[in-house]
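Please put together the full structure from these sequences, using the hints given.
Going down the list, the sequences are from chains A and B. Residue numbers for the first sequence follow my numbering, beginning at 19 and rising by one. Residue numbers for the second sequence follow my numbering, beginning at 149 and rising by one.
There could be a bad hint or two in this list.
What the hints assert, rightly or not - One-sided and incomplete, this derived list gives chain B residues near chain A with beta-carbon spacing under 8 Å:
#1 M149
#2 A155
#3 V158
#4 Y166
#5 F178
#6 K179
#7 I181
#8 K185
#9 R187
#10 I188
Please keep in mind that the hints were generated in silico from the structure rather than gathered at the bench. By construction, the Cβ of each residue, glycine as well, lies at the ideal position given by its N, Cα and C atoms.
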Amino acid sequence: MPDSKASKILFVLTFVCMIVALYLAFLYAPVEATQGEVYRILFFHVPSAWVAFLAFGVTCFCSVAFLMKKDLKWDRIASSSAEIGLLLCTITLITGSIWAKSEWGIWWAWDARLTTTLILWLIYLSYAMLRGYIDVETKRAYLSSVVGIIGFIDVLIVYGSIRWWRTQHPQPVIGGGDESGLAPAMLFTLLFCVGTFTLLFFTLLRSKIELQKASEEVDYFHKVLAQK
Amino acid sequence: MGYLFAAYTVIWVLLSGYIYSLHSKQKQLFKEIEQLKSRIESDTG
Numbered sequence: 019m020p021d022s023k024a025s026k027i028l029f030v031l032t033f034v035c036m037i038v039a040l041y042l043a044f045l046y047a048p049v050e051a052t053q054g055e056v057y058r059i060l061f062f063h064v065p066s067a068w069v070a071f072l073a074f075g076v077t078c079f080c081s082v083a084f085l086m087k088k089d090l091k092w093d094r095i096a097s098s099s100a101e102i103g104l105l106l107c108t109i110t111l112i113t114g115s116i117w118a119k120s121e122w123g124i125w126w127a128w129d130a131r132l133t134t135t136l137i138l139w140l141i142y143l144s145y146a147m148l149r150g151y152i153d154v155e156t157k158r159a160y161l162s163s164v165v166g167i168i169g170f171i172d173v174l175i176v177y178g179s180i181r182w183w184r185t186q187h188p189q190p191v192i193g194g195g196d197e198s199g200l201a202p203a204m205l206f207t208l209l210f211c212v213g214t215f216t217l218l219f220f221t222l223l224r225s226k227i228e229l230q231k232a233s234e235e236v237d238y239f240h241k242v243l244a245q246k
Numbered sequence: 149m150g151y152l153f154a155a156y157t158v159i160w161v162l163l164s165g166y167i168y169s170l171h172s173k174q175k176q177l178f179k180e181i182e183q184l185k186s187r188i189e190s191d192t193g
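Right, here's the structure in full:
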């Protein structure tokens, strides 16, 4: 898929890191005492959630930049990042649901963390749909920027939900107080997986932006032909 | 183990599907750009 040399290098690096992440998640990290093997979902579930937050943060930042500078390049980055964030949020919700079924015996619980995450997914799904419905480029950019900024408020609520309210979802594994924490091998694996997902995000973002530029080029050539 | 397998299958199916969709769109757009460029060149030439 990648076109430029830098994109190719990024893709190969991401692929290698993914293989190493799988090795660490399945072979290096020890078995968890109470959950057994199924806890290994953590190594891709948590990074996908964190990097989805990062993606929505990038969308919010670029949406603010677009509203201030009126430059469509910011809208291009914001929308690309939102699409990848939506994909990662989907992975978070599905893997979380599978893990819930294994540990709680139910696929879903309407607790604060799960509900606010579902709302987050719906907000960015609406963002994508809104962009699909509006043909005028600047109008689409303005309206989706507003949704991109407001939507980020929910990221903060999702983050705080397990700290502010009693939830069925577990407390944070890192920075959650005296009772939180992981064994060193598990922590290393988790941090490596977070790094890999962050790299994956930037690789996909770069490709998506290149794709949007190509799409704009096609529109430009169509306009040139129409004028002849 | 079944749940673990299901979770990782979902992750890889979604990621591969997304990368494949980006790849096919890119391929299609580059092809269209080349066609449009040659049409413009033949119109001006």
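Margin query: Would the hint on V158 (chain B) be counted as holding, given a Cβ-Cβ threshold of 8 Å to chain A?
Written below: With Cβ-Cβ at 5 Å, under 8 Å, it holds.
Notebook entry, point to check: Taking 8 Å as the limit, does the beta-carbon of I181 (chain B) come near enough to a beta-carbon in chain A?
Noted result: holds, 6 Å
Note to self: Under 8 Å is the threshold here; is the Cβ of F178 (chain B) close enough to any Cβ of chain A for the hint to stand?
What the structure shows: Since chain A brings a Cβ to about 7 Å from F178 (chain B), closer than 8 Å, the hint holds.
Notebook entry, point to check: Does the interface hint hold: is I188 (chain B) within less than 8 Å of chain A, judged Cβ to Cβ?
Noted result: The hint holds - I188 (chain B) has a Cβ within 8 Å of chain A, the shortest such distance being about 6 Å.
Next item on the list: For the hint on M149 (chain B), just tell me whether its beta-carbon gets within less than 8 Å of chain A.
Entry: holds, 6 Å
Notebook entry, point to check: Does the interface hint hold: is K179 (chain B) within less than 8 Å of chain A, judged Cβ to Cβ?
Noted result: violated, 10 Å
Check: Can the hint on R187 (chain B) be confirmed by a CB-to-CB distance to chain A that is less than 8 Å?
Finding: Since chain A brings a Cβ to about 6 Å from R187 (chain B), closer than 8 Å, the hint holds.
Check: Can K185 (chain B) be said to touch chain A, with a Cβ gap under 8 Å?
Finding: Hint holds; K185 (chain B) Cβ to chain A Cβ min 7 Å, cut 8 Å.
Item checked: Given hint Y166 (chain B) near chain A, where the shortest CB pair must fall under 8 Å -> With a closest approach of 5 Å, the Y166 (chain B) hint holds.
Checklist line | Residue hint A155 (chain B), partner chain A, criterion CB-CB below 8 Å | finding: holds, 4 Å
Violated hint: 6 only; the structure is consistent with all others.
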